[in-house]
Structure formats: structure tokens, C-alpha cells
Amino acid sequence: MLELAAVQGVSVPTPDTQDSPLAIRGLTVSYGQKPAVFSVDMTVQPGAMTAIIGPNGAGKSTLLKAALGIVPMVSGQVTVYGKPLTEQRARVAYVPQRASVDWDFPTRVIDVVLMGLSRQLGLLGRIRARHMQRAADCLRQVGMQDFADRQIGQLSGGQQQRVFLARALAQDADLYLLDEPFAGVDAATEKAIITVLKSLKDAGKTVVVVHHDLATVTDYFDHVYLINTRKVAEGPVAQAFTAESLQAAYGGRLATAQIDQISHALG
Amino acid sequence: MVWDALTLQLGYNATLVAIGATLLGVSAGVTGTFLFLRKRALVSDAISHATLPGVCLAFMVLVALGGDGRNLPGLLLGSAVSAWVGLLCMNWLTRRTRLAEDAAIGAVLSVFFGFGIVLLTIIQTMGAGRQAGLEGFLLGSTAGMLWSDAFVIALGGAATLGLVLVLRRPMTLVAFDPEFAAARGLPVHRIDLAMMGLVMAVTVVGLKIVGLILIVALLIIPAVTARFWSERSERVVLLAGLSGGLAGYLGAALSASAPNLPTGPIIVLVSFGFFAVSLLFAPARGVLAAVLRHLRFQRRVHIRQGLLALAQGQTIYEPLTLRLLRRAGVVRADGVATETGKARAAKALRDEKRWQVVRADLAHEATAALYDGLRDIETVLTRDQIADVDSRIGGPQEVQP
Amino acid sequence: MNGEEFVPLSLTPLLIGTFAAIACALPGNFLVLRKQALIGDAISHVVLPGIVVAFLLTGAISTWPMMLGAAGAAVVAVVMIEAIRRLGQIETGAAMGVVFTTMFAAGVLLLEQTDTSSVHLDVEHALYGNLESLIWLDATGWSSLTDPQALAGLPPELPRIALTLAGVVLFTWLLWRPLKISTFDEGFARTIGIRTGALGMALVIAAAIAAVAAFDAVGSIIVIAMFICPPSAARMMTNRLEMQVGWSVLFAAFSAISGYVLAGYGPLWLGGTDAVSAAGMIATMSGLLLAVAARFGPCRTRAGAPVSG
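Keeping their order, the protein sequence lines are chains A, B and C. Counting in our numbering, the first sequence runs from 1 upward without gaps. Counting in our numbering, the second sequence runs from 1001 upward without gaps. Counting in our numbering, the third sequence runs from 2001 upward without gaps.
Be aware that a few hints might be false.
What the hints assert, rightly or not - Calculated lysine to any residue pairs in the SDA-like style (CA-CA distance at most 20 Å, straight line):
(1) A:K34 to B:E1378
(2) B:K1039 to C:M2080
(3) A:K34 to B:A1369
(4) A:K198 to A:D172
(5) B:K1039 to C:I2192
(6) A:K34 to B:G1286
(7) B:K1353 to A:E244
(8) A:K34 to B:V1287
(9) B:K1353 to A:D41
(10) C:K2035 to A:D102
(11) A:K83 to C:I2192
(12) B:K1039 to C:K2035
(13) C:K2035 to B:R1038
(14) B:K1342 to B:G1313
(15) A:K83 to A:P46
(16) A:K34 to B:L1308
(17) A:K34 to B:Q1356
(18) A:K201 to A:A90
(19) B:K1039 to B:E1135
(20) B:K1039 to B:L1088
(21) A:K34 to B:R1375
(22) B:K1353 to A:S245
(23) A:K34 to B:R1038
(24) A:K83 to B:T1315
(25) A:K83 to C:R2190
(26) A:K34 to B:L1295
(27) B:K1353 to A:A248
(28) C:K2035 to C:T2114
Said to hold, decoys possible - Selected chain B positions facing chain C (Cβ under 7 Å, derived; list incomplete):
(29) R1038
(30) A1041
(31) L1099
(32) A1103
(33) A1107
(34) V1111
(35) T1121
(36) T1125
(37) L1214
(38) V1216
(39) P1259
(40) P1262
Simulated from the structure, these hints should not be mistaken for lab results. Quick reminder that beta carbons are idealized off the backbone N, C-alpha and C, glycines included.
Could you build all of it, start to finish, from the sequences and the hints given here?
Here it is, written out as C-alpha cells:
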């Protein structure tokens, strides 16, 4: 199959996207002939925690990856703080899905965290005490300080996820994009991650999370973005996370009882 | 001259080679297909290179026993044994250590080949000229092929084909979905080994004609070629055998028609010719078809997106979208929608609304899964169903200019 | 052995073999970790057609056109593999198999079609090299190392491989960080602005250059052993990339030296009279090293691979 060439138009920021940490217009991404994401818009609110939710295969991760230029888009425009991503890379940190890398890779936990500093270090910059200090700090924030010298393959899934988060923290970005950070992790890890994310938000950073657990949306997030190939709803949790929008996003795939439960929780 | 060659009128040797190469092509094509479908095509590279030490050791044993070192069945037996040892080494490395299969393949093929070269130089010192026949196994040498050689090749090729025929069902299952095969109680590991054993047999049979380096091509290229023409595994096997056999026959005939045309490389190049034609022109999977399909697809995406933007009164920024809309007569040169454009935009928006209803409705779950933003709703719902959906939406929506 | 014999006959082949092995092992570390070990296989097979084409174009056996020809062939091969993989939706291994066997066949055919009897270019040489012949006849002993006149008579392969090794070391050192990051986590590498496609291509070209330079010493097939065996053996010894690269250099040098010595003197010790192929012996030794590391290496098994949730 033809690798879909990126057909990017000229980016013309409109006033409402100017200040948005991440603004997406008319994004279509396709694997083969079936669009995974079709013509979606997204405007991330600064200083908020946003969950991207939708059923399996709805294009949640694809949306994030296309926004970051990891997968090519068929059409669409992406701006980060009003400018193209290529000019704003230092302000964006990305936490990929845990399964996307080879955990047998010969490297230690601390080395992975140091990768987050590579923009600061440049090609040949020496790793100095302050860099090690910073990496150790980031590990401490996710509760992994005791594992700095472990080979990454010897960690549990939740610990691996926290190492990835520590690497993103080391990047010291303004916008944090996380792809399913809570998938298959233990309760302690989930708690550690959400604590870190909330402290990021308190520091004025913007956090966007691809999320699959509807039950925790109201507890964890203040904005929500529902997608099922197309955008279904976007906005503050109280307004956008409703029974109707869930029904629209999940269709018959979500048990009505579950929706009732959620709308009940919403009050 | 070429015609004479194609009709097998270039003499005894050329005819023997042509028949041998055809049989080899068929059995390599058929066997290689299973390997390819199992996504382990390059295992054949390790197997073929690993034959070299066996050939050399067999030669040394034959000479030590006082025989002629160039006895073909003896050499082939030796090559089979060392290829099997190579295969076991590879399996051990991937199963027992952290090494991935590609590294294991590379390690086995290069180390066995290197060791084979060491043995070859030992044989060279055993007596001048006696190793001459052995170097032919690297690239094949069909000059002076004997009737008995051809007989061995024909017999080996036929036996391999017969075994493939017997094992084709379990091998297809394992190649397609090893986990499912294991769940059904098939001994996946042993079937894999049998598959490798067949590949080894083809390699050994092919040593004389194309040599150990190029036999890999005969195992891989026909299978890849055939894959372009069919989605059904039995047909792919059949087509691979056909294209392999044809390449063997044409290649052998061409190489006999002029001097300095070594058989092995010519067969490989003919085979590649078939591949190149298939890659470009195969009806569904070919490049040409894919390019056309992609351009059509991209056009649909942009026009649909443009129509929805028009219907919702949004500005269109993408130059490609604008150009396509203009060409379709949807917008005028200044970007304002035409009458047809407005109608089509309204229809697009309405379809989008219809889809929304469909996707929110449990009763339409199967239909809703077909949604991809591009599919026309008329293709999945009957007129009555659409009317029903419309009644839930309400009257037609006004389109902003 | 004294310097009078050692320096002219053994010093240069030993150095060339060692440099070649290290120059291949360095990029080999990354190829093995990227599961692209067989790119080394593909490259080494297409070196032959590259050299033949260069010879046909220039009409002479000269170093730089041949290096260019071979590196060009490697790039053509990689581009073709990538094109077939994407355009035809063919799995990488099969795409490689199609491309390198075809190019190799074309190389053999061209070679047979051309009259190369007057020059030293034959298939066997291309396949397994000629390390033993790279001797330094002008040398008379250790003192020759400071004698400019004798140094002028060094086999040209030695400075060439030394230069290549320096280039490969420089490449690895300069791009260490991006190489490590993109090998471990390509998606993340792209988000921090590393151009992973270009970097991957650069790695392949570096490997191709190493393969071409090593071609004289060990031939085109055995180069694969140098790409794969020392890094694979090193992988069994440590869980840190820095250490792994160190081990691989050590293993490469050990294979080259022990292989050369065993090929030259082993048969004599066993009562034979003639040396065996040094290139073949080097590959054999690297294989034995790998076998030992795979059996006894402290890190030989996979660390707890994560169960994805």
C-alpha cells in the first residue's frame, strides 16, 4: 500500500487557535483506504487536563500521533501555541504507549530519563552533575528513585510507565501528551501518575491524555474530547461528558447501564 | 538460437539443464511460498549458506574413503546434514537466548559459510584441481551436467513436491495463524521444522544448478510474485510454482543460447522480471492500481471535508481542497459556493447527521461500524431506513452561504 | 617470531583484519538492536555488483570508484527494499531477499560478460577476500615503521581501512545520542526533532562503507559475521549499550587476531603445510565466541519482557 504522503496546507492560525497549546484543523489520517480519523478539529484549553476518549479503534492514539508528526496525515493543520510543531518541539513532551518500544534494549532507567534532556544536551554535550540531579529528581517525582540503575526490562509494566513519565518530566515542556498511560498498570502506579499530572496542571502546564476508563474521567480530568473517527464532543467535563455524547461516541458498544451509571455520577 | 533453446534443440546437456531447472523452479516456488507466508523468507538464506561446510566435509570423507569426491548424492547428503545443523543452531539461538531471529540468521549463515571457506582451502591443499567441482556449488555450474545428476535433481524435486502436497494444509494453517494452529492441537514447532526441512531439500537439490547463494532467490521471488495476483493461499502456491517453473525453464534456455550467460543468475533475473511486472501492474495489489486508488481516495477525503466545511460556513484553508472543489464545480474561483455546491454541501451535512443518528442507535450497530467519514449512507441503508432516520432528525437544515 | 618475519608478512594483514572487524562491529551494534541485522546481509551481497559496475564504468581496478560503486549499490539496494516493502506491502525479509539476490545475480552476470581475466577481479575473491596477500614487502623489521621509504610501500588497503574505521568511529561518536534514542524509541525520537528516516539511512550508509572497505580483507559474505557476531555476543554480556559497544569492539578484535593466527599457524601446529583461509577462520572464531557467549554470557536471556496491558 502506498504510504500516504503528507498533504499539509499552509498553516493559517485563526484567532481562537492562537493561544491554544494544541490546535488541530481538518485532520484526516488513514491507514490504507479507511480513515482512522476523519476531518477532526480540536482546540486544547491551556492549563487544563484533557482526556481523549472513545471506543477501541476510534482513532484516539492516531489523533495524538498525527498531531506530533509520528504518522503522516492525508489532510489537516496542526499548530502548537499558534506555530507549526517544528518550531515548538521544546515545548511538547510525549509519552508513548508502553508497548511501542523494545524493553529488552540494553539501557538503564536513568539513561531513559536522561533521553528527555537530549535537546538541552545537544549532540555532544557532557552529562554533568546537574543533569544527573535533574533526572534523579524526575525519577523521585514518579517514585522510582530506587530503580535508577536497573535495566529497563527488569521493571514491571507500571514501573516502565512511570519511567516514561519521568522522561517526559525531564523535558520540562509546557504541553504534555500521554498515550494510554493508565493501560494495564497497577493501582499504585495509577495513583502516582495522576498525582504527577495534577501537579503539572497546578504548575500551569497543559496535559492531554488518551484515556480508556470512563469511570475515572470525572475524577481525573476537567476537559474531555470524545472521538469516534469524527469528533463527537469537546469541552469541559460537565458539558461534554454527557450520556448523549457517550451514546454518540460509543453507539451500541457501550452498555446502557454503564451510561446510566456515569450520567448518575455526573449528577 | 533462442528459439532452438526454448524448444530444447540445443543438445543433450542443455536439455537436461532445462528440464532440471524447470523442476527445481516449480518445487522451489511452491516450497518457498509457505516460508514467505510464514514471514520467515530469509531463513532460507541461512539454510543455503549453511550447506557449504557439509559439501566440503562430504568431499573429504569421500576422498578419504578412496572414492571420487565429486559423487553428487554423497555431496548432497553432506550438505543436507550441515544445513540441518545450521537450522538447529538458529532455532537454539532464537529460543534460548535474547537474540532476535534476524541476528540468528545472519550469524548462522556467515559463520557456517566462513567455516566452509576454511574447509575449501584445506581441500585445495589436498591435491590440485580436485576441488574444481566444489566451487561450482557457490554459484552453480551446469556445464558438464550428467544424466545421473539430472536424475538426482528430478527425483529430489519430485519428492519435495510430493511432501509439500501432503503437508500443505497444516503448513498453511501454521503460516497463517500459528497460535490458532497451536490451539487446534497442531504441533507448530514440528510443522515449522518440516517446512524448513523441505526448504533444505530444495536448497540441496538446487545447489548444482544455481548454487547456494542464488537458490534463495528461487525460494523467495516466485512466492512474492504470486502474492500480487491472489488473496487465496492455494492459488498463491500454484502461481508461485508456475512462475518459478517458467523462470527456471526460460532462464536455462536463454543461458544455453549464448556464451557467458551463467544459468543461475539468468534464472534469477528472469524471475525478477516476472516480479517487477507483477509489482507494477498486478490488478489489485500492484503499484499502478494503488497509486490510482490513493489519488481517488485523497480526492474524496478533500472534497468531502470541503463540502462539510462549506455547509458549516467554515473557511477552507487548504489549497488542495479548494482546487479540487473548484474543479468539481462546487465553488467559484473566488471560493464562494455555487448552487450545485450548496446543494451538495447540504446533502453532505445531512448525511453526516444521518450517520450520527445511525451510530447512536443500538439497532444499527453493524452498520455504524462501517462509518469512515466517506461512505455514502445510501450504500448501507435502504430507502425506508433513511426515511426513518430523517424523521428523527427533523426537517432539512438551512445551509449558510 | 621475530620482527623481520612478523612485520612484513603478518603485521599488515593483522591490522587490516582487526580494523575491518571493528569498523563493521560498531554499526552492527545498532543494526542488531534495530532488528535490521540482515541489512548487513543485503549490503554485503550487493557490494559485488557495485564494484563490477564501477569497474565497467572506469575500466580500471582503482580504489575510490569501487568504494563509490559499492556504497552506491548499497544505497540503491536499501531504497529498492524500502520501495518494494511499501509499494508492494511485502514483509521486509522477503523484500530484502528479492533485492539482494537479484542484484547479486546481475553482478555475477556482468562479471561473466566482461573480460576481467587481465585484472584481478573474480567471484571467489569477492566472496571470501584475500587477507593473506595484503603483505608489506618493503618492510624489513620493526624499524621499518619509522622508515618513510618503507612506509610508502604499505599495502593501500591499510590506510583505506584505517580511514574508514576513523570515519565510522567519528560517526558513532557524533551521532551516539540520536542513534541510541531513535533505536530505543522511534516515536519519541521524532517528537524531539530527530529525523529518524535520515538517521536510519545514514546508519546504513556507514555500514555500507565499512562493508566495502572490509571487502578486500574478508570478502563480501564474511563481512556479515563481523556485523552480527561480535555485537550479538556482546549483547549477552551486558545490559548497557555503552558496555555492549565496548565488548563488541573487544570481540571483533579478538576474532580477527585469533582467526588470522589460527589460519596461518593452526595447520602447521597440526602437522599440515599450508595455511587455510584467514577470512573464513575469522568468521569461524567470531561464531565460536558467539556460541560461548550465548551459552555462558551473564545476560544471555531476555529480561522480563513486559506483558502489555
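Assess, step by step, whether the Cα of K1353 (chain B) is no farther than 20 Å from the Cα of D41 (chain A), and give holds or violated. holds, 17 Å
Do the alpha carbons of K34 (chain A) and L1308 (chain B) lie within 20 Å of each other, as the hint requires? Holds, at about 18 Å.
Holds or violated: K201 (chain A) and A90 (chain A), Cα atoms, limit 20 Å. holds, 18 Å
Verify the proposed pairing of K2035 (chain C) with T2114 (chain C), using a straight-line Cα cut of 20 Å. violated, 37 Å
Would you check whether R1038 (chain B) satisfies its interface hint, that is, whether its CB is within less than 7 Å of any CB in chain C? This hint is violated: R1038 (chain B) lies away from chain C, its Cβ roughly 10 Å from the closest one there, beyond 7 Å.
Hold the hint about T1125 (chain B) up to the distance rule: shortest CB distance to chain C must be less than 7 Å. holds, 4 Å
When you check the alpha-carbon spacing of K1039 (chain B) and I2192 (chain C), does it fall within 20 Å? violated, 33 Å
Given the hinted pair K2035 (chain C) and R1038 (chain B), is their alpha-carbon gap at most 20 Å? holds, 18 Å
Has the given pair, K1342 (chain B) with G1313 (chain B), been kept, meaning a C-alpha gap of at most 20 Å? holds, 11 Å
Given pair status - L1088 (chain B), K1039 (chain B), alpha carbons within 20 Å: holds, 18 Å
Would the hint linking K2035 (chain C) and D102 (chain A) be met if the CA-CA limit is 20 Å? holds, 10 Å
Restraint outcome when L1099 (chain B) is required to lie within 7 Å of chain C by C-beta distance: Since the shortest Cβ distance to chain C is 6 Å, the answer is holds.
When each numbered hint is compared with the structure, violations occur for hints 5, 19, 23, 28, 29 and 39.
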